[in-house]
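**Q** Chain residues, written in single-letter form:
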Amino acid sequence: EPEVTQTPSHQVTQMGQEVILRCVPISNHLYFYWYRQILGQKVEFLVSFYNNEISEKSEIFDDQFSVERPDGSNFTLKIRSTKLEDSAMYFCASGQGDDTGELFFGEGSRLTVL
Amino acid sequence: GNSVTQMEGPVTLSEEAFLTINCTYTATGYPSLFWYVQYPGEGLQLLLKATKADDKGSNKGFEATYRKETTSFHLEKGSVQVSDSAVYFCALDSSYKLIFGSGTRLLVRP
Chain A
1 EPEVTQTPSH QVTQMGQEVI LRCVPISNHL YFYWYRQILG QKVEFLVSFY
51 NNEISEKSEI FDDQFSVERP DGSNFTLKIR STKLEDSAMY FCASGQGDDT
101 GELFFGEGSR LTVL
Chain B
115 GNSVTQMEGP VTLSEEAFLT INCTYTATGY PSLFWYVQYP GEGLQLLLKA
165 TKADDKGSNK GFEATYRKET TSFHLEKGSV QVSDSAVYFC ALDSSYKLIF
215 GSGTRLLVRP
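Protein chains in written order, with our numbering: chain A, 1 to 114; chain B, 115 to 224.
Only chain A is shown next, with the shape it has when bound in the complex (with noise of 0.2 Å):
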């Protein structure tokens, strides 16, 4: 069954560094997105991305963030200069854009900033 993988599955970086993390969307999907968890609590939008653009962002994904489909299949979430609330699980998702608006998500990465 095809599945949306994340690389790092942990990554652990100082302040003020960048960090990208990578994600392979499902590949016949057209939407691509990025989510946020903090420890314990609720799973928040970041930015979503249709027709390698930035479709929709949040108030949180402001000029730190950055995202980029630089080869057709890797989808990329760059954090330029990293803080300590940055700390976080990020998912990526992918979907159809159909009717049901079904998103299948990866396992996350988490990102530790000290």
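Hints are computed from structural coordinates only; laboratory data are not their basis.
Glycine included, every Cβ here is placed at the ideal spot set by N, Cα and C.
One thing to keep in mind: the hints can contain errors.
Some residues of chain A that are not near chain B, with every Cβ distance over 10 Å (derived) [stated by the list, open to error]: (1) 42; (2) 43; (3) 71; (4) 72; (5) 86; (6) 102; (7) 104.
Simulated coverage check for chain B against chain A, where a stretch passes if three residues somewhere in it have a Cβ under 8 Å from a Cβ of chain A [said to hold, decoys possible]: (8) 141 to 150; (9) 183 to 196; (10) 211 to 224.
We have chain A already, so just place chain B on it with the hints.
**A** The following block gives chain B in isolation, referenced to the frame of chain A:
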């Protein structure tokens, strides 16, 4: 804007007990509704969904009915197992993205 409200947890039950986790939503129109489950240390998995009013989604003994009159999508299971211990998220489809509730932790004791 669109939003989802879930009952707060944790919910602690004994094995074979009946489960209800309440979920209500606010939305324009009639969005698709979902329950996702997150087992310890894992990502989000779709548990069930309903795409229109009066639809009943079901999977693994869990059920939820899309009630537009009460704007609800409560999750139920007749007899829970220890392996059902997880966090359950109610969600709705809003303009090609999902909006999640805050999640409800379920703990089932033997």
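**Q** Next, verify each hint and record whether it holds.
**A** Quick rundown of the hints versus the structure:
Distance check on residue 42 (chain A): its Cβ comes as close as 4 Å (rounded) to a Cβ of chain B, failing to clear the 10 Å threshold; non-interface status is violated. Listed as outside the interface, residue 43 (chain A) is inconsistent with that label: its C-beta sits roughly 4 Å from the nearest C-beta of chain B, within the 10 Å cut-off. Under the 10 Å C-beta cut-off, the non-interface status given to residue 71 (chain A) relative to chain B holds; the minimum distance is some 23 Å. For residue 72 (chain A), the non-interface assignment is confirmed: its Cβ lies about 20 Å from the closest Cβ of chain B, beyond the 10 Å cut-off.
The beta carbon of residue 86 (chain A) is kept farther than 10 Å from every beta carbon of chain B, the shortest such distance being approximately 19 Å. With a minimum CB-CB distance of about 6 Å to chain B, residue 102 (chain A) fails to clear the 10 Å threshold, and the non-interface call is violated. The claim that residue 104 (chain A) is not at the interface with chain B is violated, since a C-beta of that chain comes within 10 Å of its own (minimum 8 Å). A count of 4 residues in the segment 141 to 150 of chain B with a Cβ less than 8 Å from any Cβ of chain A is obtained; the coverage claim is therefore met, three being the minimum.
Look at the segment 183 to 196 of chain B against chain A: 0 of its residues bring a Cβ nearer than 8 Å to a Cβ of that chain, fewer than three, so the hint is violated. Coverage of the segment 211 to 224 of chain B by chain A holds in this model, with 7 residues showing a Cβ closer than 8 Å to a Cβ of that chain against a need of three.
Figure legend: structure checked against the earlier numbered hints; hints not met, in rising order: 1, 2, 6, 7 and 9.
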